[in-house]
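Dock chain to chain to rebuild the complex, using the hints, since each chain is given by itself in its own frame.
Going line by line, the protein sequences match chains P and E. Here our numbering is used: position 510 in the first sequence is 510, and no number is missing along the way. Here our numbering is used: position 164 in the second sequence is 164, and no number is missing along the way.
What the hints contain is simulated information worked out from the structure, not anything from laboratory work. Glycine included, each C-beta is placed from N, C-alpha and C at the ideal position. Check each hint, because a few of them may be wrong.
As the list claims (entries may be wrong) - Taking lysine-lysine and the DSBU-like style, the derived pairs with C-alpha atoms no more than 30 Å apart in a straight line are:
id : chain 1 : residue 1 : chain 2 : residue 2
1  : P       : Lys156    : E       : Lys249
2  : P       : Lys163    : E       : Lys249
3  : E       : Lys198    : E       : Lys159
4  : P       : Lys46     : E       : Lys370
5  : P       : Lys263    : E       : Lys249
To be verified - Estimated spans, in silico, between C-beta atoms of each pair:
id : chain 1 : residue 1 : chain 2 : residue 2 : range
6  : P       : Trp41     : E       : Leu214    : 30 to 38 Å
7  : E       : Arg351    : P       : Tyr358    : 33 to 41 Å
8  : E       : Ala293    : P       : Pro508    : 53 to 61 Å
9  : E       : Glu32     : P       : Trp41     : 34 to 42 Å
10 : P       : Trp41     : E       : Gly68     : 33 to 41 Å
11 : E       : Leu214    : P       : Ala173    : 55 to 63 Å
12 : P       : Ala268    : E       : Glu142    : 34 to 42 Å
13 : P       : Ser296    : E       : Glu142    : 36 to 44 Å
14 : E       : Asp317    : P       : Ala173    : 30 to 38 Å
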Amino acid sequence: MAKQLSGVDVVLVGFGWTGAIYAEKLTDAGLDVLALERGPWRDTTKDFATTFAQDELRYYWRHGMFQEAAQSTVTFRNNSAQTALPMRSWGSFLPGNGVGGSGVHWNGQTYRFLPSDFVAKSHNEERYGPLPEGMTIQDYGVTYEELEPHFDYFEKICGICGKAGNLNGNIVAGGNPFEGPRSDEYPNPPMEMTFSQDRFEAAARNVGLNPFPVPSANMSRAYVNPLGLQLAPCTYCGFCEKHGCGNYSKSSPQTTIIPALMKRPNFALRTDSEVLSIEKSADGSRTTGVTYVDTSGESFFQPADIVVLCAYPLENTRLMLLSQIGEPYDPRSGEGVVGKNYCYQVMSGATVFFDKEYTNGFVGAGALGMAVDDYNGDNFDHSGLGFIGGGYIACYTTNARPIESHPVPDGVPGWGSEWKQAVQANFLKTASVGVHGASMAHRSNYLDLDPTYTDRHGRPLLRMTFDFTLNDRRLSAHLTPVAEEIARGMGGREVVVGERKGSYDSVPYQTTHNTGGTIMGTDPQTSVCNRYCQSWDLPNLFVAGAGLFPQNAGYNPTDTVGALAYWSVDAIISKYLSQPGPLVQA
Amino acid sequence: MRGFALISAISCMASVTATAPAAQELSSSQVERGRYLTIAGDCEACHTDIENDGLPFAGGRALGTPFGTIYSPNLTPDDATGLGRWTREDFHNALNEGIDDEGQHLYPAMPYPYYTLMSRDETDAIFAYLQSLEPVHAEDPENDLPFPLNIRMSVAGWKLLFFEDETFVPDPDRSEDWNRGRFLVDGPLHCGGCHSGKNLLGASKEDEYLRGGLLENWFAPNIRAGAGGGIAHWETDDIVEFLKHGRAKHTAPMQRMGEVVSISTQHLREEDLRAVATYLKSLEDEIPEVEDAPEAARLETGAGIYFDNCAACHAADQSGVPYFFAPLSTSNKVHAEDPSSAIRIILGGARAQPTDTIPSMLAMPPFSWKLSDAQIADLLTYLRGTGDRRAGPISASQVAEMRDYLAEEEH
Numbered sequence: 001m002a003k004q005l006s007g008v009d010v011v012l013v014g015f016g017w018t019g020a021i022y023a024e025k026l027t028d029a030g031l032d033v034l035a036l037e038r039g040p041w042r043d044t045t046k047d048f049a050t051t052f053a054q055d056e057l058r059y060y061w062r063h064g065m066f067q068e069a070a071q072s073t074v075t076f077r078n079n080s081a082q083t084a085l086p087m088r089s090w091g092s093f094l095p096g097n098g099v100g101g102s103g104v105h106w107n108g109q110t111y112r113f114l115p116s117d118f119v120a121k122s123h124n125e126e127r128y129g130p131l132p133e134g135m136t137i138q139d140y141g142v143t144y145e146e147l148e149p150h151f152d153y154f155e156k157i158c159g160i161c162g163k164a165g166n167l168n169g170n171i172v173a174g175g176n177p178f179e180g181p182r183s184d185e186y187p188n189p190p191m192e193m194t195f196s197q198d199r200f201e202a203a204a205r206n207v208g209l210n211p212f213p214v215p216s217a218n219m220s221r222a223y224v225n226p227l228g229l230q231l232a233p234c235t236y237c238g239f240c241e242k243h244g245c246g247n248y249s250k251s252s253p254q255t256t257i258i259p260a261l262m263k264r265p266n267f268a269l270r271t272d273s274e275v276l277s278i279e280k281s282a283d284g285s286r287t288t289g290v291t292y293v294d295t296s297g298e299s300f301f302q303p304a305d306i307v308v309l310c311a312y313p314l315e316n317t318r319l320m321l322l323s324q325i326g327e328p329y330d331p332r333s334g335e336g337v338v339g340k341n342y343c344y345q346v347m348s349g350a351t352v353f354f355d356k357e358y359t360n361g362f363v364g365a366g367a368l369g370m371a372v373d374d375y376n377g378d379n380f381d382h383s384g385l386g387f388i389g390g391g392y393i394a395c396y397t398t399n400a401r402p403i404e405s406h407p408v409p410d411g412v413p414g415w416g417s418e419w420k421q422a423v424q425a426n427f428l429k430t431a432s433v434g435v436h437g438a439s440m441a442h443r444s445n446y447l448d449l450d451p452t453y454t455d456r457h458g459r460p461l462l463r464m465t466f467d468f469t470l471n472d473r474r475l476s477a478h479l480t481p482v483a484e485e486i487a488r489g490m491g492g493r494e495v496v497v498g499e500r501k502g503s504y505d506s507v508p509y510q511t512t513h514n515t516g517g518t519i520m521g522t523d524p525q526t527s528v529c530n531r532y533c534q535s536w537d538l539p540n541l542f543v544a545g546a547g548l549f550p551q552n553a554g555y556n557p558t559d560t561v562g563a564l565a566y567w568s569v570d571a572i573i574s575k576y577l578s579q580p581g582p583l584v585q586a
Numbered sequence: 001m002r003g004f005a006l007i008s009a010i011s012c013m014a015s016v017t018a019t020a021p022a023a024q025e026l027s028s029s030q031v032e033r034g035r036y037l038t039i040a041g042d043c044e045a046c047h048t049d050i051e052n053d054g055l056p057f058a059g060g061r062a063l064g065t066p067f068g069t070i071y072s073p074n075l076t077p078d079d080a081t082g083l084g085r086w087t088r089e090d091f092h093n094a095l096n097e098g099i100d101d102e103g104q105h106l107y108p109a110m111p112y113p114y115y116t117l118m119s120r121d122e123t124d125a126i127f128a129y130l131q132s133l134e135p136v137h138a139e140d141p142e143n144d145l146p147f148p149l150n151i152r153m154s155v156a157g158w159k160l161l162f163f164e165d166e167t168f169v170p171d172p173d174r175s176e177d178w179n180r181g182r183f184l185v186d187g188p189l190h191c192g193g194c195h196s197g198k199n200l201l202g203a204s205k206e207d208e209y210l211r212g213g214l215l216e217n218w219f220a221p222n223i224r225a226g227a228g229g230g231i232a233h234w235e236t237d238d239i240v241e242f243l244k245h246g247r248a249k250h251t252a253p254m255q256r257m258g259e260v261v262s263i264s265t266q267h268l269r270e271e272d273l274r275a276v277a278t279y280l281k282s283l284e285d286e287i288p289e290v291e292d293a294p295e296a297a298r299l300e301t302g303a304g305i306y307f308d309n310c311a312a313c314h315a316a317d318q319s320g321v322p323y324f325f326a327p328l329s330t331s332n333k334v335h336a337e338d339p340s341s342a343i344r345i346i347l348g349g350a351r352a353q354p355t356d357t358i359p360s361m362l363a364m365p366p367f368s369w370k371l372s373d374a375q376i377a378d379l380l381t382y383l384r385g386t387g388d389r390r391a392g393p394i395s396a397s398q399v400a401e402m403r404d405y406l407a408e409e410e411h
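This is chain E alone, in the form it adopts within the complex (with noise of 0.2 Å):
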């Protein structure tokens, strides 16, 4: 089996990181440690109601997944709404088996599947951090979710199925760098949450690992980047700096991707980074099968309309300005299978992140109220038929699809 197994059967051995939680104070270097992992993890992203300016880790975002509108609790260490209440043993269950203090099952729109990578040691240092923080009250909306899954007891099934708690076990035939890197992206980072494939339950499927995955009608493409990846022209320097400063040469980092960079990977020492390169890189993939060229008259008309709307940034030869203007011939976004993000930008445009080292405000703009359906469908098969990875064509209805989504979004 090619694909990556996330979920191995390790889960009895012995991990050589994680330590006996000790009885330990509350020390400065424990809640720096804890706040560094906090912001590996994210965890401000979800737990903050960014929409609504939100105070920062007082929860009340609401995640929309397939299945309904879960809310994201308060992170604050107040006795009645956040965490003032909870152990470090909580913390460490529910960070690794997403068991809450009162033994109910949470959620896996939390990370677990992935934070139980994390040592006792390490979640204890995230719980200090937590609650070394000022504490928010902030009650938190009620789920939106319907039958059955709204009964918090039918998690335990999804669990038995999807779920193993599990430790880190370096790999000693791997660098420490790739091992390294292989914590961070299938722990902390819990990269594969958004670009791994979805069965119908919302578990990653292990064939999918890190080939990409749909997420609030977002691809997030696949990043894999050895040999056929979906990033496999994406050097080690590229993907550092594409986490570090939100520029690459290839693209930048948007929408939720953006998020990310912004709150956790930007701030992160930059040996992780390398780390999560390293470890990416060494993934390979089978490059798709070319697709039946797509009818040269599509091509034509596509080639038209990205010359009067889109070649002035992303130059005549789809080469793109690196670091600014994202080349196309080469996009992962464009040439994906699941063409969603692409129809998604053009329609509505993009914004690519901004970062404390560029602090640029960029945006593609949207083309929705220019271009019909059929246009954007042609420009994209001309796109998809002309890169250097070849993609199948788009239809009208695809757009139509994804034009009536944003609709729908924007009420």
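Chain P on its own, in the form it takes in the complex (with noise of 0.2 Å):
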């Protein structure tokens, strides 16, 4: 019998940078909120300091960082035919876990999803006519234009380094100049750029092509947020990504916003608290708030006027299907929403081997890049392709960490004294160019309940069933040579070439970008919340996170569900709280 606790006005499942930025929003208006994360406290000073975040066995090898697969995991399987198993070890992808989440162990790649990427449906169907056969694209129901003013406070909190492309409608010299109107320039400068960004770049303008800084959150310079908070230079020292940084340089909750909201009274924190389940009224009408279990196993519910989902996407669609909220997905008939238009990422790239230059990869950052967009989203004609949509190519050097990180070019034994060698003459020497392609919902990709596998708690995980569409393919086969044609104008020696080929594999890593499942959208029958990210069934629930993300552009996702966390808290404050009810009549 889980203890009863008195209420909240709002509890937050999960305290990564959704969390952070409702309840600094929130408890800004007045409100009394509670965040319950699953993991442990994290903050700079205690857990990332300089003399231990760069230990690469603890945080790349044994995934210091991330969510326990002992503890709970997702099974997994390419298509309905086959039988999931549950990933054991950590793959193709990184669930966080812990205050800050992923937020914590992100590289800081921060990019606004293009004007078209919100109405991915409508736009291509006017521009191409009808979707194919079982591609599920759908329209957000909120604009790039209404988001604008979101993006641009979350790229404030975090001081965002770029420059920007396109002012109010004005392309500007030295930005992106495919991305949609900003109403101000990027808070901070781009980064420096190395030896590998420079050949990258003139060798994009060689072809014709548009390059840019990528907007990052390593920053170009000391920085102090609207909150107070405090950023410091990045050292370029290139332990970002599966790392804390210990040198304040990288955007993140604990770095932008706790602090901050760790001293508001009205604002409280419990970790090591796991959520169960939403619970719901007697009428299903309405939730009651939350049961969670702390780490001695005794069990809590916690009431709450307003419950929002702000853990991992896997997460929130997993916790919205045990609670039984919302049609769960049927792949059969097509009908109902939760678990519906899961999406990945489509990644591949080519790696540059230099003879005599030194491209000293060591010196890097998370978002050190530069990039270019011209196959991106619909920033190129697609007739007589046979795909939509595209991907940002770039040019990062986000590392050299030794363990991970020993490219050597084809034909070098996996082992031995001749891989050594080969690693030995290409540690210095190498640059690599990507493809950060996007993914189309289809309806064959999607999560539900696995019948057999369970967590500690004995509740059903988690079970993606996904596999590469013949849009991800094309897409991938169009935009990779192109990336190839880059990388050979770079200079080097050889280009090996890594394209995305056969069936989706859960092992190699590939990015943590896992979207869908609690998508958004215009219609109840097609989605999981309406435009301001609210439970269509249960109007004070509030979902956040790329789980909303209908399908997954060409790029990384953070800035993006910055900016809908920022818009869906603005409509509770201005919209829903004088009038608690669904924001949009279905």
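In structure tokens form, the structure reads like this:
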């Protein structure tokens, strides 16, 4: 029997980026907010101190920052004819855990989605005619123009370093000419580029493309954000992804929001508290709060007037399924919504090996890069190509962390003295060009509850059914040669192309951009949430995160996740509080 | 004599700020004035058991002195355990003369040698504020002092030697700002309580006035800001920023000073902080003699240790990141004659104080597990031997001593 606790205005399930955003805005509006975080407290000073933050064994190899697969994981299969098996060790993606969530161990690549990405269905149908059979993409229900002030604010909270390419409709040299109109320049200038980016920029210009500096959450200079929180200049140590930043140089909930929040008397955080289910009123019309369990195994019922799901997308979907909120998606009929439109990212690339020049990849940062957007979204004509969407192509120097990163040319054995010699010869002389491809939703890719495997509380695991679609393969086949062409123009000795071929493999790391499952939209028949990220079924339940994306664009998700959270919390404060109920009439 | 005389023979002169103690009703403006002075006096810091989440002003905090442990009394208006039965007269006597309501001498851990500069009006205001608080019933533990210090009469002798009941007299040749600053520094803010050197009996030494002092094994640095002073390179704005926001180009408040900024100075009016800065900027000092150059081999070893462990934040040329990571080439902790704070920060780390305007939680991590005594000694010898100011080499045994002290403190 769960112990009954006294009620709060708002309970947040999970305390990463979106939890911190909702908490900051809602406490500022005077509400009592409680965040429940499954994992431990973590802060820069104690947990990512520079004296040990660069420990690859602990953080890369032993997954020190991530959800423990032994406690909870997902089961995976490529298609519904297969039997899904649990991922007992993470591979293709790395779900976060603990305060700050994935916002602690991200790289910091902070792109806005394109205006057309938010209206993917209507835009593409208008331009290219009916979508192919089985493609279930849809519009967000919110537009880029509506989100713009929230993108702007999130970027100021993070102190993003970049160069605007479109200021209020005017194209600005040096930035991304394809981006949606920005109301303001980035708060900080771009990072210092290295040899590889300079070569990429020249090569991209040579083939008529428009390179621009990647918008970065690694700081190009010291910065104080609107909450008075400080970020330090990045030292380019290259320990961003999978690591916490010990130098306060990467925007994270810890560096940009949490210290201001923790001082507020109307905010409380309970760590090591895992939410088991979202509870509903007897008539099923509202959520009444959540049930959670602490590490001693004791369970509690936490009543709340509003519940916001701020966990990782996979966990948000699972919680809704476990709590029987909304109609679970059925791939046979195409009916139902929860678990629908699970999408990923289609990654490929090319590695350049130089002979004489040193690229010195150890001088790196998670978002240190130059990119081109000429082949992203609908920035190019797709007529006759047989696919929609695209991706950016970028040359990052994220790191040369020695255990993880030691690319060798083709034809080198995987171990032994020849391999060692090749690593030694090439370690300081490689550059990479990557394609960050969009993933369009398909009827056969989805999330549901596994019929066999359970977690340590006996609850079913989430089951992921996913494979690359025809659209994904054609997209990748079209963009990878462009990346190769740029790579070949960078002046190296040889180029090794990494194509995306065959079925999706959950083992090699690709990216932690899992999207969908709790998608937003304009119609309760085809989406879980309305345009304000409010559940169609329970008006006092809101959902945050990339699970809202009806399909994934050719970008990293964090900027859009942040903007959607600010957009949603703004609607709660300005619309919902005065008149609690559905913000959109179904 | 160059040192400023804290205790000057002016106690018999009339103060311009003091007025006759008239019977006043508690007025909200008096309570508000008292609240401000209470903040300026940082009373809450010692009179709250911060380590054990005690209630504000309810006392019970263990204060380590070189002579033993003193527990701060309860200042809330509780009849049995606090100031509930005190009169304004009693309270004035406590602040002005160091005598409690029963005529007992107060230990000078209570900074009445500074508070004595406050007028009767001002002590009445503080009393009015304290009486407006919610009473808290809280017995304080017995002080843990050895004989003969546990006999309060022993304080009488101390006071005879080191204490004079004074009132503040402005210097007509100085600006109003300067006089206000001196009043604040020597009165309610009691800066000399930590930043002035103490004699063996724990009294401030006149010729050590604001030249730095050792307290609980922290060295509170030289804060003279005039030519030759420990913070001569700090501009008036730097001092104001440090006290108001807890961040300045040169360093951030840490540990006990962090408490002072958090509880006291960040809440003070900017013109008062400016007055403090104006006064400190007027205090000149002699630049200490340049010590003999340390051995070249130690400098080289220290430079290597610095580059590997410190340069990522403090920059290869020691210039740091202003407002963030302290520039070390000009640090008054690194180049202090007494290296205690520098050794201690390297061993145990230190946390920059978050404030209302800059809530960031910044800290330097501890290096005690990573660097040996000899390595830390070489590192500090390098820093002290190469900065804008020079200071003498550090020995491994100095580091070892601090390491032992910190290990003991943990128990």
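Tell me, which hint numbers fail for this structure?
none
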